[in-house]
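Mapping of the sequence shown onto the UniProt record's numbering: position 91 corresponds to residue 91, and the numbering continues sequentially without gaps.
Any given hint could turn out to be false.
Taking CB as the label site, the calculated pair distances span [said to hold, decoys possible]:
(1) ARG134 x ARG35: 14 to 24 angstroms
(2) LEU51 x ALA136: 29 to 39 angstroms
(3) ALA138 x GLY52: 35 to 45 angstroms
(4) ARG110 x GLY132: 16 to 26 angstroms
(5) ASN54 x GLY129: 12 to 22 angstroms
(6) SER114 x GLY52: 16 to 26 angstroms
(7) SER122 x ALA47: 19 to 29 angstroms
(8) GLY98 x ALA47: 20 to 30 angstroms
(9) LEU73 x ASP96: 17 to 27 angstroms
(10) ARG110 x ARG130: 13 to 23 angstroms
(11) ARG130 x ALA107: 18 to 28 angstroms
(12) ARG70 x ASP96: 40 to 50 angstroms
Please keep in mind that the hints were generated in silico from the structure rather than gathered at the bench.
Ideal Cβ placement from N, Cα and C applies to all residues, glycine included.
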Amino acid sequence: GEQSSRPINPGPAALVAGDRRSAALQDGAATGGERLQPQEAMEFVNALAKLGHNRSEHVTPLAAYLGTPRVLLSLAASRPQTLAAVAWSLAKLGYDPGHMWISYFLAGSRGAVSRFGASDLSAVMWALGRWGFRPAPA
Numbered sequence: 001g002e003q004s005s006r007p008i009n010p011g012p013a014a015l016v017a018g019d020r021r022s023a024a025l026q027d028g029a030a031t032g033g034e035r036l037q038p039q040e041a042m043e044f045v046n047a048l049a050k051l052g053h054n055r056s057e058h059v060t061p062l063a064a065y066l067g068t069p070r071v072l073l074s075l076a077a078s079r080p081q082t083l084a085a086v087a088w089s090l091a092k093l094g095y096d097p098g099h100m101w102i103s104y105f106l107a108g109s110r111g112a113v114s115r116f117g118a119s120d121l122s123a124v125m126w127a128l129g130r131w132g133f134r135p136a137p138a
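With the sequences and hints as input, model every part of the structure.
The structure is reproduced here in C-alpha cells:
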C-alpha cells in the first residue's frame, strides 16, 4: 500500500486524552514521582527517556525519588526488563544516580541476571559504562 504524506489529524477525543496524559506526565515529574509506586516511577522515567524529555526540572526530582529507600528496596522484586529499562533510562537522560544507587541496583539485579535477555544485559552494561562504573577486581 501507498502511504499518504498528509499529516495525521487526530479527533477531539484523542486531543483531550493527549492533554490528560501530558498533564499526568507534568504532575508526576513535578512531584518527583512521590505519588507513584516504585514500579510506576521506573516506568515513568523510561517513558521520559524514550520521548527524549530530559529537562532537568522533571528528571532530577524523579531520579531523586528513584534513590529513596522505598524504591531501592523494591529493586529486588522488579522484573529484569524493568531493571534494565530504568538503568538505560537514567543513563540516556544523562543522570548519574551515584554509587549507592548503583550498589543497590546491582544487589537487586543479582537474582534477575539469569533471566536477562541479551538486550536487557546490553542496556545495563551500557548504563554502567556511561556512569563510569568499574567492577572490583575478582
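Hint-by-hint comparison with the structure:
1. ARG134 x ARG35: 14 to 24 angstroms: The hint (14 to 24 angstroms, Cβ to Cβ) is violated, given that ARG134 and ARG35 are roughly 36 angstroms apart.
2. LEU51 x ALA136: 29 to 39 angstroms: holds, 36 angstroms
3. ALA138 x GLY52: 35 to 45 angstroms: Taking Cβ atoms as reference, ALA138 and GLY52 lie about 38 angstroms apart, which means the hint holds.
4. ARG110 x GLY132: 16 to 26 angstroms: Hint holds: Cβ distance 21 angstroms, inside 16 to 26 angstroms.
5. ASN54 x GLY129: 12 to 22 angstroms: holds, 19 angstroms
6. SER114 x GLY52: 16 to 26 angstroms: Given a distance of about 32 angstroms, which is not inside 16 to 26 angstroms, the answer is violated.
7. SER122 x ALA47: 19 to 29 angstroms: holds, 20 angstroms
8. GLY98 x ALA47: 20 to 30 angstroms: 22 angstroms Cβ-Cβ, so the 20 to 30 angstroms window holds.
9. LEU73 x ASP96: 17 to 27 angstroms: Cβ of LEU73 to Cβ of ASP96: about 21 angstroms, so the range 17 to 27 angstroms holds.
10. ARG110 x ARG130: 13 to 23 angstroms: holds, 21 angstroms
11. ARG130 x ALA107: 18 to 28 angstroms: Check passed, 20 angstroms falls within 18 to 28 angstroms.
12. ARG70 x ASP96: 40 to 50 angstroms: Check failed, 21 angstroms falls outside 40 to 50 angstroms.
Hints 1, 6 and 12 from the list above are not met by this structure, while the remaining hints are.
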